[in-house]
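There are 2 protein chains.
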Amino acid sequence: MYKINENFLKLQGSYLFSTIAGKVAAYEKAHKEADIIRLGIGDVTLPLAPAVIKALHKAVDEMAQAETFRGYAPEQGYEFLREMIAENDFKARGCEISADEIFISDGAKCDSGNTQELFSQDNKIAVCDPVYPVYVDSNVMAGRSGEFNKATGRYEGLIYMPCREDNGFVPDFPKETPDIIYLCFPNNPTGEAITKEALQRWVDYANKNNALIIYDAAYEAYISDPQIPHSIYECEGARTCAVELRSFSKKAGFTGLRLAFTVVPKDLKRNGVSLRDMWNRRHGTKYNGTPYIVQRAGEAVYLEEGKTQIQQQIQYYMRNAQEILKGLKSAGYTVYGGVNSPYIWLKTPDGLSSWEFFDFLLEKSNIVGTPGSGFGPAGEGFFRLTAFGSYEKTKEAIERIKNS
Amino acid sequence: MYKINENFLKLQGSYLFSTIAGKVAAYEKAHKEADIIRLGIGDVTLPLAPAVIKALHKAVDEMAQAETFRGYAPEQGYEFLREMIAENDFKARGCEISADEIFISDGAKCDSGNTQELFSQDNKIAVCDPVYPVYVDSNVMAGRSGEFNKATGRYEGLIYMPCREDNGFVPDFPKETPDIIYLCFPNNPTGEAITKEALQRWVDYANKNNALIIYDAAYEAYISDPQIPHSIYECEGARTCAVELRSFSKKAGFTGLRLAFTVVPKDLKRNGVSLRDMWNRRHGTKYNGTPYIVQRAGEAVYLEEGKTQIQQQIQYYMRNAQEILKGLKSAGYTVYGGVNSPYIWLKTPDGLSSWEFFDFLLEKSNIVGTPGSGFGPAGEGFFRLTAFGSYEKTKEAIERIKNS
Numbered sequence: 007m008y009k010i011n012e013n014f015l016k017l018q019g020s021y022l023f024s025t026i027a028g029k030v031a032a033y034e035k036a037h038k039e040a041d042i043i044r045l046g047i048g049d050v051t052l053p054l055a056p057a058v059i060k061a062l063h064k065a066v067d068e069m070a071q072a073e074t075f076r077g078y079a080p081e082q083g084y085e086f087l088r089e090m091i092a093e094n095d096f097k098a099r100g101c102e103i104s105a106d107e108i109f110i111s112d113g114a115k116c117d118s119g120n121t122q123e124l125f126s127q128d129n130k131i132a133v134c135d136p137v138y139p140v141y142v143d144s145n146v147m148a149g150r151s152g153e154f155n156k157a158t159g160r161y162e163g164l165i166y167m168p169c170r171e172d173n174g175f176v177p178d179f180p181k182e183t184p185d186i187i188y189l190c191f192p193n194n195p196t197g198e199a200i201t202k203e204a205l206q207r208w209v210d211y212a213n214k215n216n217a218l219i220i221y222d223a224a225y226e227a228y229i230s231d232p233q234i235p236h237s238i239y240e241c242e243g244a245r246t247c248a249v250e251l252r253s254f255s256k257k258a259g260f261t262g263l264r265l266a267f268t269v270v271p272k273d274l275k276r277n278g279v280s281l282r283d284m285w286n287r288r289h290g291t292k293y294n295g296t297p298y299i300v301q302r303a304g305e306a307v308y309l310e311e312g313k314t315q316i317q318q319q320i321q322y323y324m325r326n327a328q329e330i331l332k333g334l335k336s337a338g339y340t341v342y343g344g345v346n347s348p349y350i351w352l353k354t355p356d357g358l359s360s361w362e363f364f365d366f367l368l369e370k371s372n373i374v375g376t377p378g379s380g381f382g383p384a385g386e387g388f389f390r391l392t393a394f395g396s397y398e399k400t401k402e403a404i405e406r407i408k409n410s
Numbered sequence: 007m008y009k010i011n012e013n014f015l016k017l018q019g020s021y022l023f024s025t026i027a028g029k030v031a032a033y034e035k036a037h038k039e040a041d042i043i044r045l046g047i048g049d050v051t052l053p054l055a056p057a058v059i060k061a062l063h064k065a066v067d068e069m070a071q072a073e074t075f076r077g078y079a080p081e082q083g084y085e086f087l088r089e090m091i092a093e094n095d096f097k098a099r100g101c102e103i104s105a106d107e108i109f110i111s112d113g114a115k116c117d118s119g120n121t122q123e124l125f126s127q128d129n130k131i132a133v134c135d136p137v138y139p140v141y142v143d144s145n146v147m148a149g150r151s152g153e154f155n156k157a158t159g160r161y162e163g164l165i166y167m168p169c170r171e172d173n174g175f176v177p178d179f180p181k182e183t184p185d186i187i188y189l190c191f192p193n194n195p196t197g198e199a200i201t202k203e204a205l206q207r208w209v210d211y212a213n214k215n216n217a218l219i220i221y222d223a224a225y226e227a228y229i230s231d232p233q234i235p236h237s238i239y240e241c242e243g244a245r246t247c248a249v250e251l252r253s254f255s256k257k258a259g260f261t262g263l264r265l266a267f268t269v270v271p272k273d274l275k276r277n278g279v280s281l282r283d284m285w286n287r288r289h290g291t292k293y294n295g296t297p298y299i300v301q302r303a304g305e306a307v308y309l310e311e312g313k314t315q316i317q318q319q320i321q322y323y324m325r326n327a328q329e330i331l332k333g334l335k336s337a338g339y340t341v342y343g344g345v346n347s348p349y350i351w352l353k354t355p356d357g358l359s360s361w362e363f364f365d366f367l368l369e370k371s372n373i374v375g376t377p378g379s380g381f382g383p384a385g386e387g388f389f390r391l392t393a394f395g396s397y398e399k400t401k402e403a404i405e406r407i408k409n410s
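Residue numbers (our numbering), protein chains in the order written: chain A, 7 to 410; chain Y, 7 to 410.
Here chain A stands alone, though its shape is the one from the complex:
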């Protein structure tokens, strides 16, 4: 008789976005005239850059001719893209990462979920709170947690590291020493970045404790402050303690196109076993390569024309972020994020809970955002707005909030 993986039964329903959708639908039904502005989504809205579109059409045409048709791609990704990434994302920033340490994939969500497969079940996992749920859920599914504790809103057996105002949304070292540490900077949902000095302390901590950092840098393209590191490999010693996840989703609007990569340095070794070789084997066994046409689209992001267009897209979103920041501040709100990230993390006023503020904003201003408590208990009392809307709608939303 086959038996299921009972760890799945520990998982809590992911009710956050469906609860939001339900509340908005109910409000719309009762207020048909309401002009609702959505600043809750984490998805981009601008179309793909012209240079990316051109690269896609060209690659599609190649697939139409026997001479230029491409079948199975290398599981690790095409050399032309991996070399481009090594050069632009790493060597240009002084990071010593070579093309054969870069593994192309179809998404940082997949990579976030899959990296844990390289480790045994008895590793102690540390995550930030609030947190991107994939780090937690994929480890719960693999049996690295106990049951969910409804009273604390947390899984037993995991280490949660609160990120709140008092630590500048950068976690302190936990009391219990973890084996594997998930860090995401610039952070989703808080929108706050980490300084190079603070990240260096984490790298030193990991090396000292033989811990591994899984560093999610999916939002690095939004960093505007030159002091903020784009990659963990800007820190000394990161090659012996860190895996890095990157994505084209927010960098170049590829959420519907699917392209990402993971960096696994050759210096990552445990008892002589190379993590890079393990990941290579994992990729070779369970992955069959990212579509050729999508990899060509990714290449376009690094070429002159594409680079300029992508920068314009990011500037468009970051102008929204600035509008939100400025407007909320002038309305007396305490706000975080929005400088090195497309996310604004605001403190709910008058001690309202995250969900009370959600209702207030929906009813008073017809604006939809995301309650911070949906990302973890330490998110309570906070609220996430995103800069991915249109400039006009974003500006109007802020006017409404100011006038409410």
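A hint or two may mislead.
Identical chains blur together in the list; that is why a pair holds if it fits in one copy or across any two.
In silico BS3-like links for lysine-lysine, alpha-carbon gap of 25 Å or less [as the list claims (entries may be wrong)]:
| id | residue 1 | residue 2 |
| --- | --- | --- |
| 1 | Lys181 | Lys9 |
| 2 | Lys29 | Lys181 |
| 3 | Lys16 | Lys130 |
| 4 | Lys29 | Lys275 |
| 5 | Lys272 | Lys16 |
| 6 | Lys214 | Lys64 |
| 7 | Lys214 | Lys9 |
| 8 | Lys275 | Lys9 |
| 9 | Lys332 | Lys401 |
| 10 | Lys275 | Lys16 |
| 11 | Lys401 | Lys38 |
| 12 | Lys9 | Lys272 |
| 13 | Lys275 | Lys130 |
| 14 | Lys64 | Lys16 |
| 15 | Lys29 | Lys408 |
| 16 | Lys130 | Lys29 |
Hints were generated in silico from the structure; no laboratory data involved.
Start from chain A and add chain Y according to the hints.
Showing chain Y alone in chain A's frame:
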């Protein structure tokens, strides 16, 4: 201190195709004039069908406009594609499978590797021998096997079901009752199909023993015999014991485009837990949807124009298969497969081992194929040729073998 997943250390190197490449390179170096014909690869060679190319260009153009741009796709796949599949691949064949039991993905290799995550570690796994290595390796990585036994060429703790001439390459029920059974028909590498009666016996066996069948039907588009089932759901009772894997790779030449799907019927339940809901959760947590443009390309495969073109591609390859079969038979070879599959499985002559025959064919006829023993010990004494080359080259290859 973080600890690695030591099950990875049990994995054997996948030397098959690299050994082949090395031998071919050495021969070419020594015989610069040799005109080598490759019939070893499992990758398609014809370019994408015009209807697919048209759909891709159209979808790319949609991604260029804000009004038609698509961001994150539904993790389960777009409704337009799932409905098309339910209608054409299942309802049209009398199989009761609905769109919400179909999960679109980027490859049957990924799905083959990921399905095991739904089950606990202590399930007993049965695989055919010879076998597509992903079923074995993904279960070894998850800790469902013992060590590899060099003497037997098999992992301890797994059930191997030999597929040889004496059982028509369809496995007998094993002595030890398995919990999870991997079946692939039409089979890679043997190219042989299973009759509906034989498959029904497996379905009955699984239901009787509360076992689960993971049915890989990646090659179903090559079935020419109307008596051969395309889907396991053509058998009575399969909805309570079978998951099915399908692919666009061989059906429509999507090896470089990446599109597949898994069927998980709602009737699959263990202790009241729905496997369909578990897979949905797995997809939702660790997958972020297949590219919109690729799903539109998949839709084109089911529309009138695309359907005709895809059929022509399959006929082109199957004409190759017939040439190989006919030629080898007339040269006195014992051959299998090639009727409902693009693979031809030939018995090596004069008691040669698979590798001896590889060398013979390379040196005598300058033809590259795949030694059967590379797929498992029961593949010893067999050799795989594929129909995915050009017609002219295939014909010439067969002439060379006949004259050798």
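Status of each hint after checking the structure:
no.	hint	in the structure
1	Lys181 with Lys9	between (37 Å within a copy, 20 Å between copies)
2	Lys29 with Lys181	neither (39 Å within a copy, 56 Å between copies)
3	Lys16 with Lys130	both (17 Å within a copy, 24 Å between copies)
4	Lys29 with Lys275	neither (49 Å within a copy, 32 Å between copies)
5	Lys272 with Lys16	between (35 Å within a copy, 21 Å between copies)
6	Lys214 with Lys64	neither (49 Å within a copy, 54 Å between copies)
7	Lys214 with Lys9	between (40 Å within a copy, 15 Å between copies)
8	Lys275 with Lys9	between (34 Å within a copy, 10 Å between copies)
9	Lys332 with Lys401	within (11 Å within a copy, 73 Å between copies)
10	Lys275 with Lys16	between (32 Å within a copy, 17 Å between copies)
11	Lys401 with Lys38	within (22 Å within a copy, 69 Å between copies)
12	Lys9 with Lys272	between (37 Å within a copy, 17 Å between copies)
13	Lys275 with Lys130	within (18 Å within a copy, 32 Å between copies)
14	Lys64 with Lys16	neither (47 Å within a copy, 43 Å between copies)
15	Lys29 with Lys408	within (23 Å within a copy, 73 Å between copies)
16	Lys130 with Lys29	neither (37 Å within a copy, 46 Å between copies)
Consistency note: the structure conflicts with the earlier hints numbered 2, 4, 6, 14 and 16.
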